[in-house]
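S.K.: Each chain, letter by letter, is given below.
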Amino acid sequence: METFLNIELGTWMFLVIGAVFSGYAILDGFDLGAGTVHLFLRKEESRRIALNAIGPVWDGNEVWLVIGGGTLFAGFPKVYATLLSAFYIPFILFLLLLIMRAIAIEFRSKETMRWWRNLWDITYSVSSTLIGLTLGVVLGNVVRGIAIDGNMIYKGGLLDIFNPYALLTGLTVVALFALHGSVYLIMKTQDKLAERLDYISKIAGMIFTIFYVLLSIATLMFVPHAAEEFKAMPILFVIPVITLLLLLNERRLIVKKKYWMAFMTSALLTSLLLITIAIGIYPYLLLSSIDSAFSLTIANSAASQKSLGIILTFVMIGAPMVLIYTIFLFRTFRGKVVLDDMSY
Amino acid sequence: MDVEILSRIQFAFTIAFHYIYPPLSIGLGVALVVFEGMYLRTKDKHYEQLTKFWIRIFALIFGIGVATGIVMEFEFGTNWAAYSRYVGDIFGSALAAEGVFAFALESTFLGVLLFGWNKVSPKVHFFSTIMVTLGSMFSAIWIVVANSWQQTPAGFKIVGEGMTARAEITDFWAMVFNPSSVDRILHVWIAAFLAGTFLVLSVHAYYILKTRFVEQSKKAFGVILVIATISALAQLVTGHSSANGVAVNQPAKLAAFEGHYDSSAVADMYLFGWVDDAEQKVTGVKIPGGLTFLLHQDFKTPVTGLNAFDKNDRPGQVNFVFQTYHIMIAIGIALIGLTLLALFLWWRGKLFNQRWLMIVFSFSVVLPQIGNQVGWYSAEVGRQPWVVYGLLRTSDALSENVRAGQVMFSLILFTIVYLILFGLFIYLLNKKIQTGIASHGSDKKYASTNLISE
Chain U
1 METFLNIELG
11 TWMFLVIGAV
21 FSGYAILDGF
31 DLGAGTVHLF
41 LRKEESRRIA
51 LNAIGPVWDG
61 NEVWLVIGGG
71 TLFAGFPKVY
81 ATLLSAFYIP
91 FILFLLLLIM
101 RAIAIEFRSK
111 ETMRWWRNLW
121 DITYSVSSTL
131 IGLTLGVVLG
141 NVVRGIAIDG
151 NMIYKGGLLD
161 IFNPYALLTG
171 LTVVALFALH
181 GSVYLIMKTQ
191 DKLAERLDYI
201 SKIAGMIFTI
211 FYVLLSIATL
221 MFVPHAAEEF
231 KAMPILFVIP
241 VITLLLLLNE
251 RRLIVKKKYW
261 MAFMTSALLT
271 SLLLITIAIG
281 IYPYLLLSSI
291 DSAFSLTIAN
301 SAASQKSLGI
311 ILTFVMIGAP
321 MVLIYTIFLF
331 RTFRGKVVLD
341 DMSY
Chain S
1 MDVEILSRIQ
11 FAFTIAFHYI
21 YPPLSIGLGV
31 ALVVFEGMYL
41 RTKDKHYEQL
51 TKFWIRIFAL
61 IFGIGVATGI
71 VMEFEFGTNW
81 AAYSRYVGDI
91 FGSALAAEGV
101 FAFALESTFL
111 GVLLFGWNKV
121 SPKVHFFSTI
131 MVTLGSMFSA
141 IWIVVANSWQ
151 QTPAGFKIVG
161 EGMTARAEIT
171 DFWAMVFNPS
181 SVDRILHVWI
191 AAFLAGTFLV
201 LSVHAYYILK
211 TRFVEQSKKA
221 FGVILVIATI
231 SALAQLVTGH
241 SSANGVAVNQ
251 PAKLAAFEGH
261 YDSSAVADMY
271 LFGWVDDAEQ
281 KVTGVKIPGG
291 LTFLLHQDFK
301 TPVTGLNAFD
311 KNDRPGQVNF
321 VFQTYHIMIA
331 IGIALIGLTL
341 LALFLWWRGK
351 LFNQRWLMIV
361 FSFSVVLPQI
371 GNQVGWYSAE
381 VGRQPWVVYG
391 LLRTSDALSE
401 NVRAGQVMFS
411 LILFTIVYLI
421 LFGLFIYLLN
431 KKIQTGIASH
441 GSDKKYASTN
451 LISE
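Sequence lines, in order, name chains U and S.
In this text, residue positions in the first sequence follow the working numbering: the first is 1, and each later residue adds one.
In this text, residue positions in the second sequence follow the working numbering: the first is 1, and each later residue adds one.
Next up, chain U with everything else stripped away, as it sits in the complex:
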């Protein structure tokens, strides 16, 4: 096994993929969340401003999903193949929802008829919410383990995927994105629209807190292998405590109108949720609920050492570049939304 800084390449790949999906959750998370709260904005102008707040960045945010998919395919081809084929219907729906959402964003502004705009507003909001839900459901199943046999073939049915634990994870993700998205929108708006979003973020924060507590309890009760990791290292119990403190602090920051800090706080919350999950499943990637011997681990599902080395080199060269583009983009469009003739 080749290593870099004394850590095996497979583990690096696990960390990289974790970081990319965290980046995706933080970035697409706020624009998906903006979609979830979209219908709670009542006026045409408000909705238009909200849409233009994500306008220049949502496409760049989705890139992280593409990079995540690419690195997962390259780094752990067996996990990529097994996960996507096992969750065939959910992933197909996820892809179609991504399309519907892109259509809604692009097409909403192209006509002025009331029904046209309402149609696309609803499509945008519903698809954004369901995308978050699907991602959460997949995440919940990954934590819980899925029915794969010794040949990495999924033996469960469609309904097994939508189990209560996975659905609870899905709802938690939706609430988190709604919080994250509404804070982003407050940052980009002003006056009465910002006040309304302030109120929406408060509600979203409360709903997320409730789901988060429920999910934590459910994990300890119904997902023994994840709980074991925590019982073995009780220090890890500070994570939920930190999460709840961060939530309170985020509310405080919003009240004090420190929106940028509040936005960074919910970004931190998002990555903390994923880090908790990564700790919970490491060194497994896909746990088999049939027999843990059938599970896909970092060791048995990674690409060849050569391939891992190549991809990690790409990431080392590419990640700083992507970071620079992203910062450039966000700096260019910093500040409140101003509509012009090129807006949606």
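Some hints could be false.
What the hints assert, rightly or not - Ranges of calculated distance between the beta carbons of each label pair, as one might list FRET restraints:
| hint | chain 1 | residue 1 | chain 2 | residue 2 | range |
| --- | --- | --- | --- | --- | --- |
| 1 | S | E279 | U | K155 | 40 to 50 Å |
| 2 | S | E215 | U | I203 | 51 to 61 Å |
| 3 | S | A174 | U | M316 | 17 to 27 Å |
| 4 | U | Q190 | S | L345 | 50 to 60 Å |
| 5 | S | L294 | U | M316 | 41 to 51 Å |
| 6 | S | G436 | U | E45 | 19 to 29 Å |
| 7 | S | N307 | U | N151 | 33 to 43 Å |
| 8 | S | P122 | U | F162 | 31 to 41 Å |
Hints listed in this document are in silico derivations from the structure and should not be mistaken for laboratory results.
For each residue, glycine too, the CB sits at the ideal point set by N, CA and C.
Place chain S on chain U using the hints.
M.R.: Structure of chain S alone, referenced to chain U:
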């Protein structure tokens, strides 16, 4: 229908639909760089109007390209799990490179291109336009590399046996520069330039016919016509070079292109024809020994025919491969004729008076589109029954747990959503074209709106 044929139909349908858009983005990107560059150099308002007009159309095309492109990346895993496990080591690294190096570049700078006109300086905006165009061309490199590896695998070894066999990378650069990569990248790029430039030519020919925005359209038509002509001619070169590569690396595919069965015979080249696969006979108009001449520069050397391969190792749909290949070539020749004629008339100062030619150009946008589609059909169907040529059969590449019913369900959904998408695309494209170049559309009244009451 079984799961294999359904999965193939679904993949073909989703990739064919997707492939309408990326070539248009690449070609339009080049046109945007030209228009914006001309504007920065000359400060001519017409070029500014052209740039802004085509940015709006670019946004529409790019958006659909991204949405339908993400589908492709995940469809390997959903429908072709065995394939993904087999080639992940190699194919995955190409896809990862595409995401990290190309897609990130184009999608990020797209934000500035679309929304940054009043936010950044003209030079920074121009730089963003160039980055988006380069990014989309880099994307094409990695995707075509991945596909070319399926056609002509190189730089790998096979590890394991039976169910667990998989290709592992041994030499990255040999994988990237596999025998067909360079020819095919150039062929795909130029095809994309043709797709984009002919969209521009079509729209401006239409404006000239309707006597709307005539000044701007004449300028746009002239400068883009030059690029289109060079591309059409260059495509002949890359096409020939590609075919030579196919002859060496995938002889069964080449034989299917011309319906050539007998390995001891000189190979003919058909202008058009019909293949009877059962009788192994082609009826049509041919240049006797034409294919032999193109490959070997003589009329004597025999060419490997389909009969040199076991029935299970060669494409089953010979006539389909033959037809698509010949339509592609016919379109390529037509584009050369059309652009050279227009260039000649332009030089003589008579181009824009030729009403009939402007009508032809108005509809010409469909030609490169059809050419791109059928070109890929012949390349991909010609590769069958292999998904990775000579290594992995398409029938062995499927997801083991996915059932025909599930694929039928997803295929129906894709069909419905894509048909809606296509309908909306055409509607909005037409609307933008009808709205025209100089006007900013109905949203202008919002332009200064800033303070909001909820």
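S.K.: If a hint holds in the structure, say so; if it doesn't, say that too.
M.R.: Comparing the hints with the structure gives:
no.	hint	verdict
1	E279/S / K155/U: 40 to 50 Å	holds, 48 Å
2	E215/S / I203/U: 51 to 61 Å	holds, 56 Å
3	A174/S / M316/U: 17 to 27 Å	holds, 22 Å
4	Q190/U / L345/S: 50 to 60 Å	holds, 57 Å
5	L294/S / M316/U: 41 to 51 Å	holds, 46 Å
6	G436/S / E45/U: 19 to 29 Å	holds, 26 Å
7	N307/S / N151/U: 33 to 43 Å	holds, 38 Å
8	P122/S / F162/U: 31 to 41 Å	violated, 52 Å
Taken one by one, the earlier hints fail for this structure only at number 8.
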